[in-house]
Structure formats: structure tokens, C-alpha cells
Amino acid sequence: MAEIEPRWVLIVDLDRCTGCQACVVACQAENNVPTVGEHETIEGRWLHWIHIERYWEGEYPNIKARFMPVMCQQCTAAPCEPVCPVFATYHTPEGLNAQIYNRCIGTRFCGSACPYKTRTYNWLRPEFPEPLHEQLNPDVTVRSRGLIEKCTFCVQRIRRIEIEAHAQGREPVDGEIQPACVQTCPPDALVFGDLNDPSSRVSQLATSHRSFKLLGELGTDPGVIYLKGGETNV
Amino acid sequence: MSENEISLVALFEKSTDTAKAIDDLHTLGIPDDRMVVMTDVPYPEQALGRTREWSSLPYIVLAGAIVGLLIGLFLSAITPHLYRLDVGGHPPVGFPPAAVITFVFTMMAIIVSTFLGVLWEMDFPSFGPAPYHKAVTDGQLAILIEFSPDLDDKVNQVLKANQADYIGEPEMISL
Amino acid sequence: MTKRVSRRDFLKLTAGATVVTGLAPSVRRMVLEPYVQPPEEVLPGEATWYASTCRLCPAGCGIIVRVINGRAKKIEGNPHHPLNQGKLCARGQAGLQILYNPDRLKNAVLQSGGRGSLKFEPLYWSEALDILVDKLETLSNPNRVAFLGGLMPSHLYKLTTRFLSSFGSSSPIIYDLHSALEGRNSTVQLSESLFGSPELPIYDLANAEVIFSFGANFLETWMSPVSQSHAFGTMRQGQLGGRGFLVHFEPRLSATAASADEWIPIKPGAEGYVALAIGRIILEERLGQASSHRPYSILYQNVDVQEMADASQIPVEVLHRFARIFADADQAIAIPGGGLAGQHNGGTSMLAVQALNLLSAQIGRVGGVFLSQPGPTAGFRQNPNPGSFENLSILIERMKSGEIDLLLIYGTNPVFELPTSAGFAEAIASVPYVISFSQFVDETAARADLILPDHTYLESWGYEVPAPGAAKPAVSSQQPVVRPLYDTRSTGDVLLAVAERLGGQVANALPWSDEVDFLQELATELHGSSLGAYDAKTPSSFWALWRQYGGWWTEKEIPREPDISTIVQEPIPVSEPVFDGEENSYPYHLHPYPSITLSDGRGANLPWLQGAPDPMTTVCWGTWVELNPETASSLGVSEDDVVRVISPHGELEAPVVIYPGIRPDVVAIPVGQGHEQFGRFAEQRGSNPIALVASITDPETGSLAWGATRVRIEPTGRKKSLARLESLAGEGRESIG
Amino acid sequence: MSESEVLAYPEDSSAAEFEDRLLLAERTSSEINQAVLQPMFRTSWKFWALVIFLSLLVLWGLFAWGYLIYWGMGTAGINRPVYWGFFIATFVFWVGISHAGTMISAVLRLLKADWRRPITRGAEAMTAFALMMAGLFPFIHLGRVWKFYWMLPYPNNRLMWPNFQSPLMWDMVAIFTYFIGSTLYLYLALIPDLAMARDHTGKWRQKLYRVLSLGWRGTEAEWHKLHRALSIFSVAIIPIFLSVHSIVSWDFAVTIQPRWHSTIFAPYFVVGAIYSGLAALACILVIVRKGMQLQEFLRSEHFDALGKLVLVAGMAWVYFWFAGFIVEWYGNEPVTRELIHEEVAGSLAPLFYLQMSANLIPIVMLIFKKVRTTPWLLLVATLLVNVGMFTERVLIVVGNLQRNFMPFNWGEYSPTWVEVSIVVMTFAGFALLYTIFSRIFPYVPVWEIKEGRLRYTVRRIGRLLVPTAAEIE
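Protein chains in written order, with the numbering used here: chain V, 2 to 235; chain Z, 3 to 177; chain C, 72 to 808; chain H, 48 to 520.
Some clues are possibly wrong.
[Said to hold, decoys possible] Covered stretches of chain V, as calculated for chain Z (at least 3 residues, CB under 8 Å):
hint: 1; region: 76-86
hint: 2; region: 91-98
[To be verified] A few chain C residues facing chain H, derived, Cβ under 8 Å:
hint: 3; residue: E356
hint: 4; residue: G359
hint: 5; residue: I729
Bear in mind the hints are in silico, worked out from the structure with no lab data behind them.
Idealized CB from N, CA, C, for every residue including glycine.
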């Protein structure tokens, strides 16, 4: 372990994002996120851990559309954490907003408290008709119904790399750890890394004049940093 | 009560008569603790000229309150340190949550201790046979007296003099 | 299939286990072994990564697959692969669900209840092959067999053509909707006429300063979206201080247009006009490097800017602005995309656009246009370049007139993918015997007599030459990452087995014992090439590395400058777009577009892709009709109102999405839904706009003009809520300030 | 005053004008006993019909709950972002109802308001049953009910410990405390009457009362201690009932959800609770009076006084609602503005105006003594109040969750048959418990009335005879 705990952050470069949904499917594949079907989606019960919001600006013909991938913002002052009666969600030393599935009793208080509404709840029994269950990732709990889940920054991948690195007697190098969405993102819009490491790519990008935080005015101090689109990087 | 004692129950219509009768019985030398007055209405203290007796209830409640306070403090201010999980932007123990929990536990203890305390004081439940007369719940005031046989006539006189509707052996009813 | 581990396998296994990349090859054939004695690179609970090639679209990206205890768990981009450099799109990510799809065919089946009965009776492969051989032998004439292919691995295409030619019949006809919507065929023809070589050009987007994209959805489905998206990222924020400028011309604001700096809602079919006008202005005003203009002045002889401006409804000053932007840039590219190819005047429009690159001397320059360098991989290049719609129509005619006795179909679903007006359904009905190699019972397979399911791509062998290629000459190799789940059989092996049975010159033409022999022979041609990113001592260890790396590519980039000697000497014609359907009875242009998730519909049976929302409308699990707000109000319809879209050739019903980013005279409908058969996730869901399309073609290229149909819209008065991620109440706002 | 003027019952005819004073009515102790006991034995077919009807509703509700437990919360109408729906709203409503009991018996006991005497027990019973119904909802709301015990703080093999920073923990503890408090309070005050019932009934009733009355004889000592205990209770339970609804309000107010995140929520909820609670009590009294022919004990004087109290509570509620609303409206913060717009002009407008009219009209009605003293008018008014307050809970919980900081993630909510059935179940269950209670236990606190009668005499002031309370207790 490093002397100072890492502070994992995700950089989302909105100037690169093309809204291609690769991250959405990658996340679903990596984290055993169930598909809920048409009806439940209409009911507003979809479970994507990461979703890409599309905003319209202006009127035809002078109209623009912008994409913004939104996932759990891993807040430092997370509004969702204190309200859970059973500590099913709490803050890890490396700044992750942890969700412990086998603690959760499903009060959905965190969901109501989250200003970003990125926490999803398993409304019904998730189904993986045979043999689709073979696709399930053994590193990730398959959630039963009745509990809250959300983006974990692919903590299982963080751990895997850390363990491999430490087995080789070294620290993970910057960029080695990649959540599924970051790994697949075709235009490299997503960058993951340790903010406490001044030399890391995220630390440099975080200082960009384009950087902002979602609902920054709420002071939740998210671990996801967005880079504004439509501007050059200097 | 010892063997050679007589015990009587007398029923009265009016509280004034009852009070008078009690005074007279006092003059006969029968002390308060040998008389029991049963009514279907709580008469104010001294209404029937009896001495007010000491109750330990407030102390029981106080003790209960302190216990509750300590439990509340333990749960809300100590256990979070024993079981340390950090939640976003909050200290392990914050004053407001601790205050709420402590307060509620104190109140709970007060309520429970009051209830248990009063039962204990009335040494309830006591279903065993006890001298009683059903007329009591119909509005009659009953005096239960125990005295030495030599006072028998005097007592009866006194009771009659005060318009006792009924004078007789108290029947032991298993309540 | 052999039921023992041969010595060769053993070598492969050990070779696999010793490689540090961690990309180990899988076993070659089905070896039924319990996990108490696993193949030695498999540790229970330990993940092994196998390199292979993605087959969900023709691009041919390299993938690595995480396999645990013999089960594929996750697909990721192959970080070593020069094309996609570790990246993958939504479809590529969802590939697992083809392998584990609950609706897969588990063995060869005979449709015993007659075509369309969906009553299937399982067959032993020997029996199935008997039938196939018998059908071939009893043919009165080898030309009475036709092979219709779509997305097929290169090696299979090679084998098939060999097989057919040796058998004396004509080579396979390749057609699939995805390629048609990309305009692959037209693009190939274009570069043949301009650069004298029939292949897809590479646009060096990463280094471009200005990109004019004419209907090319290069960030969604067009050509090689992953590598193009990657290049786009670099173009945006790659170089310090530099930020490329993207202008997108399309009637609908697609996801690509959304990522652009400017979107021009261009009149369908008018793209060519704009390109011509811009070119003309550059010439007239001698903008940019005037020196390089001279040879091209002839191209624009009969172009009148004002006319063009009127025809395209884009003001002259705007055209001037674009001309200046394009000419002043050091690296400017104009991309002729699928949208153009789908018009009646597609060929000329694409030429007009490509000509801009000639004019600004972008051919073969950094940030310009290239062709992929075959290098030592020349021997691999016999790509199934999609044929034109015209060729297919000829086949359909022959089928109708009973000239075809046996139809073999691989990797395409014409019944779904062709316009109803093309009459394929009727044609196939008049073919005596139809054999499909599909893994699923899709609309076409449902009309087949015999289905010989191929392995899914994660279970099978092969290779693919990425097209359009990468800056490095590359071949992607494909290998099984898991043992086949079911009793399916690789079509290559089927052909080889059949050839063996047939004997004679067919057997001689296909001497290999199985496709692996064939592949190994081919792959080891590259052994010993000095250019390779890796090399091995022995052919067999090269074969192992070939699969461990997921292909072969050169160490350095070898750009190939297209030679433009064969330069068009006559002016670019200005051809009017022609549309099917009377303007006043069919007032709107139908604009079908490939779904970024379901592409042309082949993704529709994968729940992950069904559940992944369309980026622009955030709708999933259905079909919708995109209307401009103005159009909607004129029709008196609002969100989720079901409307009937009627073309001269058919109609469909779907709920409305009020779409502020579309021309008022255009109606956009995503392609991909509307399957009658194709498994539980796809069936009876949404509708297929292609069915409405008129089967008119571009006279230049013979491609289907899928964008040249007019429609009319009738409200039905019904409502059906769409599965949207977005809240309608939110009105697409980021925040409410 | 001189002996001659103090009369238990005025002989002269002018006494007639006091007929409507319960505590001065010409009744002997045993007559009162009978007047209370008789209705308990009277169970007509109507009574049984009612019981069966209510039981069916409850059974159906239980089926719905089973369905919910089996299939999951997906069978309810809630979704993302409306994570809390009808269940929580009804929970808040029931907790609110429960507040009248203590308000009546504790506060009025301390204030020595004698009109409370015949209605205290009815009020306390209401509190207890309302809390039972409220207590169901946290379980229902979880979906996986069997996980509830994970919130209990006891050392366990799961190495889990609850988070005392969570308002839900406060909720659990506070509501539990309030439930214990109000039940014990109800029981203590019941003991002498149980003894009375014991002395005047037979068979199973007699056995039951005998056990429950714990051997009460009515000795001075017992009376004295009971009094002591009751006065401690009345003091202790008031802060509890204030804390309970404050804590319920904090379930919402601690989040940063606009329109929830408000400092006025606690008092606002408490006042609302008292308003709806008192109103509910008034309805129940009117109905029970009809059902059990208790005109003897529930006279217009009581309805009049209760009506006044509802009126006051109502006006207080309006004040608090306005105090909250004005700052939110004035602050004009975007999301709040959107939420307010949704309420007053958007999709929630019908509910909002229903809520407002149903809460305001009764206040106007109750100004008139005619309304307060005419049972059916009072019933109408108070029923309205409860409709209004229920709607208000729904608006607060559901309405405010439909909008948030991210327009992309807004949502709509409408309850499903499961939610409706379960909510109806709690209403039916409450009514059922209450009906049965009224037939098994003396609904009117006999001893309190008798005690009251001790205090009251008529005193002549000039030509007028005035009822006068003696300062005892």
C-alpha cells in the first residue's frame, strides 16, 4: 500500500465524448448489471450504472446536442452515506463511495438523498435466461432484488491490478487501472487515476481550465471531474 | 392480621359521613394503618382526613431516566467509535444525531420505569383473595377496619352513627 | 472431429502458456475433457485472455476475451491491435450474448413441417451433409446453385469462392444491409475510378484540422467506427492547443452531427451540390494552395455556385465561408458517407465530395486520404467486398424465374434486410431447396429447408483483413476462445467435408483436412517477414504468436499514397436526385438510419444492445419516428403518439419522438427492429423502415437508393409510451437555471 | 359560599338549563357504570357485518402485501427518482393521526380541561392503533421485510451495527418509544374501569377484566399512586410526541432535496399531525357515538370544545404552511420554483388544490358553533381535513421526488393496485381494531367522569346558577 491512500477519480472529457454507448454496455457486461426489459424501462426502472444524458440547446436549425455520461459521482461529502440505517453505503479510505450489497435492506433512502439520482434499485428479481448466466463476471456479486446498486469505479478491477502489482513487488503504474468504461471508450473521453499522485494523467487534466464538477454548487465534492467541451485544451 | 382481631367492612353513601366515621374511629384509637378506604373515585388527599403516604415513584423514575440517558449515550456516542465506518462528510459522532438518540432513549426509560415503578409500588398484580366489596365500584365508600374484639360495640356504634349502609364481615374475594 | 488432443494441439497449448503477453491461444478442436484435467494454461478461477477478431460488423477490430474455467466472461479491445488500439464499441462489447444467446440453434435441423412452419427436426451432421452433397450432385447444372453471403470471414469467403469456382458455379453474391447503409459498394467503386484500386480509403482524421463529413456517421456505424472515434478523440484534444473543426452535412442531426462543431441540415440528395459549389468557389477565388488547383479546374466547369446554392437551399455566403474554412486549413478532409450513397445521385455526389480532397491536395498527405498498404498481407486480401444491389436483383430475378435449384445463405438475412419491393420473399419461395448456415432462426432461416448452424465467432477460426485498414498493414486472426457450446459446425469445415465427398476437381481445389490446416498454411506465409511486429523461429511458433497477438501487423506505419494518375478528365456531372413517391401525396423524405446499437438489425437479439439507449433519443427496446417539432404540430401529434408512415411500397406504425434536430421535410426512423423471427429479444418488437423503401438504384453505382423514398404520415390517435431513459418533463435541459 | 347554595343537584326548575352538562347530569354511580357497560354488550347484525367487511378488506390487503413480498417492489408504482411513494406518505399520515391521543389526554389533563374526560380513552386508543398501522409501513416499504431486524443494535454474527446517524434509526427508536408510551398510558388509565367491569360482568369478560385489572380495589393508596403515575406520564409523553413527528419530518428535511431541505419541517409536521389527529378523533367520536348510542356521554359541549381545538390547530397549520411556502416561493431557487410550479400549475395541481380546499374549508366551517355542535356537519368538516392532510402527505413525499437537480432524471409516479390495497388495508385494520376495542373495553373512562362529577357543583351568582369546578386533584 502507498504511504498516502490513493484518491481515485474519473475524468470525463465532454469534448471527446461521442455518446456511442460503448461504456454503457461495457459496464453492464463487467458488473453483471441486469437488463430489465421494455416495460420496466418505461416505468423508469432501468439499472444502467452509467448513462449518457443528451441535452438540446437552441432551436432548429441552429440547434446543438451535447452528451454527458453520468455515473455515481463518488462524492467525498456524499449525501447518500449518512442516511443509510445499516451502513450499507460508506466511504472507503481511498475516497470510494462503497455500496455493500449484502448489508443493504432496501430503504432506498440513499436513492432519495442522492442529488444525481445515479443509484439504481433492483425492483424485481433479475433474470438471466439460460445460458446467459454464463456471461456473469465471477468477480462481481450478482445482486438479488430489493437492494440498491451503483457504479463502483469497477473496484474489482482496481483490486485485481493492485494485487497483481504487489505480487510483482511494485505499485500500479498510472493508467494501468482502468474501469470497464474507461477501457473501452473509443475516443478516450474517460481517464481514470489517482488524484493524490501529482504526476498522474488525471491530476494534470484536473487542473485544466475546462474542468468542472457536476452540481458543484452543492459542495458534494465528487470524484468525477468533467472537462467542458467545445474549447481547446490550452 | 393476627387471630384475635376482628375485621369489619362498612359501606357509606356520602364522603362526608365517611370522613366523620374515620375521625371517630381515630378517636377510638384505631390508627390509620388499620383502616383501608376503598372508593371508585380518587378522593383528594386528606379529603377523608387520612395522612398522605410517602411514594418512592419519583426516585424510581429518576433512576430510570439516568439509565436511559446512559444507554442512549453509549449507543450514539460510544459504539460509533467501537464500530468505525466513515460516512460522507460527517464525523463518526455528530452532536445532533447523538442528541436525538440520547433524548429518545431517556424518554423511553422514563416511561417504562414509571409504569414498572407504579406496578411495583402497588405490588400488582395481586390476584390473591383480598377483603373487598363490589359495591365500591357502584359508588359506595368502603372502610375496612381491623381492631381488637374489645372495641367491637364501640366501632359498630360509631359506624351506625355515621349512616353506614352496611356493616359486616369483609368477604375475601379472589380478584 | 477428433476426440483426442493431437501433438499439434499440445504444442499450441504449451506455446500459449509460455507467452508473457498473457494472450494464450485456445484449443483447436472440441476435446471433451472434464475440468479435473484442464488444458494446462487453464487454472480454475484464473482468467485467461484469448485474442480474436470482432465479427459484429465488417470493420474487423481486434478483441481479447477474458475466459474463466472455459467460459468467456468479457470482451475487450485488443490493446496491441493497430486498428482499434484496445477500444471497442457497444456492439463489440455485447458479443458475448451471441455466444450465450438462449435462442441459438443447438444442432443441424431440418424444417420438417415445411418452410415457415418453424417445426424443426434435429439431424446428425452426417445426415445433414448427405442432404447437402445429394442436393449438389443432383443439380442439373452447377449454375443452378447460388451462394448468398453477407458478413463473412475472409477465409470462409476464400474457401467458398474456391469451392464454387471448382464446382463450376458463379462466385458468392455478397450483400448485407449494414454495408448498403454505409455505401461500401459505392465507396469501393469510387476509389476504383479515382485511385484505380477497389478498396476503402482511410481518412487520417486524427491529424485533420478541418473535417467536412457529408452524411458519414463515422462515429456511429460507418466503416470502422472504433478507430475513427479514436482518431476523432485525438483530433479534438490530442495535440496540445490544436482542436480540429468538424462540419457535418446530414438531413438529421445524428450522434456524429452532435459531436460536430457545425451541423448543416442539408436537403436529401443535395450534398453533391454543396461539395461542387465549395470546390468551384475555391477555384474561382484561388483559395488555399492555388498551385494544386490547376489539374482539377475541369471538374468544376459546369458548376454555377448560385444554382447550387438555390438547389441545396444553402445561402451563397455560407458556401463561401465553408470554402474558406476548407481551403485555409493545412489539413482538411471531405468524407463522402453512406447517406450520399443512399441517394439516386449517390455516385456523383460522392465523387463531388472526394474531389474536394483532390482539389486541396489532401490525397496521401498527413491528415488526408490514404489507401491501406497490403505489404506482405497481399495474399490475404480477397475481401468479400459487398456487391451492388443490382447484382442481387439479378439473382432475385433468376430465383423467381426458377433458374436456381439450390440456394445457400450465409451471414445475411435478406428477407429482413431487403425492401419488400425487392420481392426476395416471393423469390425464395420459388427456390426448390434453401440451406441456411445461420446460428439463429431469423426471417430467412425460417424460410429455409435445412439449417446448418455455424459456430458463433467466439467459437470459430478465421481471419479478417480490416477494411478500411489501419495505418499499419494488418490482418486480424480469429480463434475459438471457448469450446463450441453446442453441436454446431464451422461452415468452412462443412464445405471441406462436402468437397471431400464430391471428389474430383472440387476435392483437389480444397485439399485441406479442415479449415485450420488452410488457415495455418495461409498464416505462415507471413512467417519470416522482416516488417512484422513479431517474428518466430519456427512456423508453428509463429502460428502460436499469430493467435496470441490476434493477428499480424507491421511494426511501423506504412502509408500508401493512392496514385491519382487515372484522373477523371471530364467535369463532374450535376445530377438531380430522383425520389420515389409523388411529392404532394408523399410530402416527406424517409430517412432510415442504422441504429448505433442494433446496426442493421443483427444486434436485435442481444438484450444488452436492446437495453442500450439510442444516444440521441435515449429510447431503447423499440422503433420510433423522428419528426421536427414544426412537422409534428402541423400533423397535430405529440410525443408518444402512434403515427402510420406510408410509402408507395408499404407502411408501418410507430410512436413519435419530437426531434428538434431534423429537417421539417424529413422523417427519420432507425433500422434494426421489426423482426418477425430472431429469438425472444427481437421478435414482435418495433418495425422495419427498410420494408417501406423503394428498390430504386443509383444508375452510377447500382447501389440501393435507400434514402430516395417519400412517405406520408397519418396520426392513428393511439398512444404508446416509448422506453426512454430521458424524462420528457425535463425537456432535454442540462439544468434548470 | 354558604352551605345552602352548594347543591349536588339543583332542586329548582332552573336546573334544566344544565341538562347538557355531562358532569352535572342526574346519575348515580351505578347508572353511569351501566350506561358505559351496556353498549359493549349490544352487538347487532350491523356490527358483525361491519366486522366482516373490514376483515375482508384486511385479508385482501394482506394478499396484496404477500404479492409485493413475493414479486418485489417492482409491483408498486415507485421508480427512479420517486423512490418513496404511497407507503411512506401513508406512514406519515398515520403517525400524524396518532398525535391526537396524547394531545387530548396528556395536554388537556395537565390543563385540567374537564370536557376531555369522556373522550380521553377514545383518543388514546386511536393513538395506539394508528401507531400500529404506521408501524407496518417501514416493513412494507422494505419489500424484503425479513431484513428489518438488521436495523436492531445487538451484537450479531453478521458483525453489523446500525448507523445512529440515520434518521431512520431515530424513527425506529422514537416511534417504538411513542408506541410503548401511549399504550401503557392507555392501559394505566384503564385499570380502575377494568375493575369496575370485572365487578359487573360475568363469563369470559369477567375473567379477562380480572386478569387485566391486576387486582385493583380502589384503595386510597392505589388511587394516589395511579394519579402520580398518570401525571408523570402526561408530562413525559408530550416531548415524546413532539419528537416523533419532528423526526419523521427529518427523514425528509436532512436530505438536500429541494422543498424537503427545510428547517420549518419539524414544527410544520407536528402542527399538521395535531390538526389531522384531532380531526380524525372528531370523526371517530361522531361515528362511535352513533354506533354505540353514547349520546349520554358525548354531548354537544364536547364536540364544541373539540371543534374549537381543531379550528385552532387548523389555523396554526395554515400559518406554518404559509411560513414555509413564502420563503420557498420568494427564494425562487430553480428546482424549488419548478416544484412549486408543478404543484400550483403543473401535473400536481389537482392534488394541490384538493389539499388546500380540504384543509381550508373546514377551518371556515368550524368557526360556527352550529357546525361544531351538529354531529354530521362536524363529521363532514373533519373528514375533509383528513382528506386534505392525506393529500398533503402524498404531495410532500411523492410530489417533491418527481423533480430534482437533473431534469434528465425527473420522473412521474402513480400508485398500483398493490399500493392502494395495502393502504386501504391499514385503514380497514385501524377501523377493525377500534371497533373491537370499543366492544371489549369501557370506551368511556368511567372513573374520570365520576372524578369530574366530584368537582362540579352549581353556584348561584345573583339570579343565575353557574356550574362551578372545585379545585381538587
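Practice problem: Using Cβ atoms only, decide whether E356 of chain C comes closer than 8 Å to chain H, and label the hint accordingly. | Solution: violated, 46 Å
Quiz item: Within the assertion that chain Z covers the region 91-98 of chain V, do at least three residues meet a Cβ-to-Cβ distance smaller than 8 Å?
Solution: Result for this restraint: holds, n = 3.
Quiz prompt | When the least beta-carbon distance from G359 of chain C to chain H is tested against 8 Å, hint result | solution = With a minimum Cβ separation of about 43 Å from chain H (threshold 8 Å), the hint on G359 of chain C is violated.
Quiz item: Minimum Cβ distance from I729 of chain C to chain H below 8 Å?
Solution: violated, 16 Å
Exercise. Apply the coverage criterion to the region 76-86 of chain V and chain Z: a residue qualifies when its Cβ sits closer than 8 Å to a Cβ of the chain, and three qualifying residues are needed.
Key: Three-residue rule met by the region 76-86 of chain V, so holds; n is 9.
In this structure, the earlier hints numbered 3, 4 and 5 are contradicted, and the remaining ones agree with it.
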